[in-house]
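Undergrad: Each chain, written out:
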Amino acid sequence: MHRRLGRRRLRGGMQDYIRNFMNSIDPELERLRFDYEEQLAWHRARDRASKVLMQARTRDNDLQTQWQLVNIANTEKAMLNLLEDARGLEEELMKQKAGVEQEVQQRTRELKEEQAKLAAAIQGLSFSFFMIDGNDRVIMVNSAAEKLFGRSDPALDWIAGQFGGAFDFLADLRRCREEKTVIDNQGVAYGSKFLRVFTAPIIMIRDHEEVIGAVVLFEDITEARLMERSREEFFAIASHELRTPLTAIRGNASMLRDMFGEKLDKDAQEMIADIYSGSIRLIGIVNDFLDVSRLEQKKFDFAKMPFDIVELAEKVVRGSEEMAQAKKLYLKVEKPADGFPMAFGDSERTEQIIFNLIGNAVHYTREGGITVGFENKNNAITVFVADTGIGISPQYQSRLFKKFQQAGEDALVRDVSKGTGLGLYISKLLADGMGGQLGLLKSELNKGSIFYLTLPAKS
Amino acid sequence: MIKIFIAEDDPLMARMYEKAFKMSGHAIEMAFDGEEAITKLKNIDPRPTVILLDIMMPKKSGFEVLAEVKKDAGLKGIPVIMLTNLAGKEDAEKALGMGAVLYLVKSQYDPKQVVDKVSEIIAGYSRKENVPEVKVEVKDIPEGKEKKKKK
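So the protein lines, in turn, are chains A and B.
When we follow this note's numbering, the leftmost residue of the first sequence carries the number 1, and every step to the right adds one.
When we follow this note's numbering, the leftmost residue of the second sequence carries the number 460, and every step to the right adds one.
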């Protein structure tokens, strides 16, 4: 605008020009002033804003600090609480620890007591006791052991050496540990003694069975052995001594009968016959006693062979026919179908048993007779001897297979011509020894009885 | 000529068997203890046909006599029968193992039965001169033991 003012208006209107200029500047000034004031205002505002911001910041910082302080305070509090709790727990722990320690002490005391009792018991044993650990060291030995070996605290090697070559002690120990098995050696010689050496593993079960040692017992069985030996000898000698005069009686009676029988009158003949049968019976008794002695000591050898039990029974029946006929009793065999299997065992002993059963049956039967039957079941063979005899009372049945079962009031009723009453007892021992069974199947007074003998069938 | 040699120390038994064998018509030679038995056996001529030995005898037992017999070239071919009242199975097995052909428990037999058994043995032996191949059946009457034996 001011450009329009040029030279034309300069003189006369200088004032107008200045006025116009001033007027034109005014707005500028105004604008400037406005701008200036605006800026000022702006600056003032900015300052104010800054101040406010700073204040805000400060407050913010303050707040934060306060917040932090509060946090710290809280944390402090929390920590203190925790510490207190911890202290409380620690006290608790200490109490419990004390309690546990007390218990442990108590238990240890009890354990020590038990150990002491055990040790005392082991010390008091009459036989020698060794406890051996996993490294073949002797960890416990009782006084009987020290006495036996004549030495306190004997070592394993030394003990093993005491037996010489006859008994490999260490080998047994090894086997006991490796196979986790008990080894029982009866009759190991040691000087003039006989020992029983019993070795057992000590097994601990953790996650699996572990052998942590062994227990070895030595028992002096010298006396028992000697007694056994002398008992055997006694029986052998006694039976031998008894047999000789009995043989003389039997033999001479039979020769009298053979050589002079016809020349003698009936009474004399009968007397000779009675002397003869008496001697036979007595010889049978002596044999029975010896058999029983051996069977009871388990020193009896049984043959183990297959044999035809039907044929055997028939043979015994044939041999008993005279006896049965004398009492007018029948004696028959119910033969099984063909292909009846063989029995497995000792045929002579089986014959003895069947003879005993048939003999008893004939003896206790007054009328009727005896039947022999057979059965094959479950790989076992049974022979039955059934009679129509006087039967056996229930109370007596329980004593049947015991020793000397002819004792009791029945002995008066019965005819004691059956000898010692060892028959069924021996038969039962024989049957058992062969792995078989002898028993009374059933019996009824005045009706009869059925006895049975079962043996394994030949497989 | 059949000659029976018997070694038996008990007079009861000796008399009894002497009678029994004489009844059967055999000639008998007796000895009353183990030593006498050995001496006689080695010296008598002709040699006996069969030898019967008791076991429990003074001076030497029947087992010892048996051992001597088996060691002697002239005697070992003669059948030996043990005639005893020892009824142990072990004794029977021992005797049979040492070469006896029969083990008889005296009390289990009448004398006549013993004589019969001896005759059986003699018959068996004479059939095969000097190559005794006697098979005797195993028969166990409590401990009268015989043996299935091939020499």
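A couple of the hints might just be wrong.
Unchecked claim - Some, not all, of what chain A presents toward chain B, calculated at C-beta under 7 Å:
hint, residue
1, R243
2, T244
3, G251
4, M305
5, D308
Simulated from the structure, these hints should not be mistaken for lab results.
Because the structure is a prediction, the values reported are computed rather than measured.
Using N, Cα and C, we set each Cβ at its ideal position, and we do this for glycine too.
Undergrad: Now tell me, hint by hint, if it's right for this structure.
TA: The hints, checked one at a time:
1. At a threshold of 7 Å, the smallest CB-CB gap from R243 (chain A) to chain B is about 4 Å, leaving the interface hint in force.
2. Taken as an interface hint, T244 (chain A) checks out: its beta carbon lies about 5 Å from the nearest beta carbon of chain B, inside 7 Å.
3. Proximity of G251 (chain A) to chain B holds as hinted, the smallest CB-CB distance being about 5 Å (cut-off 7 Å).
4. Because the beta carbon of M305 (chain A) sits about 10 Å from the nearest beta carbon in chain B, more than 7 Å, this interface hint is broken.
5. Because the smallest distance between the Cβ of D308 (chain A) and any Cβ of chain B comes to about 16 Å, over 7 Å, the interface hint for this residue is violated.
The earlier numbered hints that this structure contradicts are 4 and 5.
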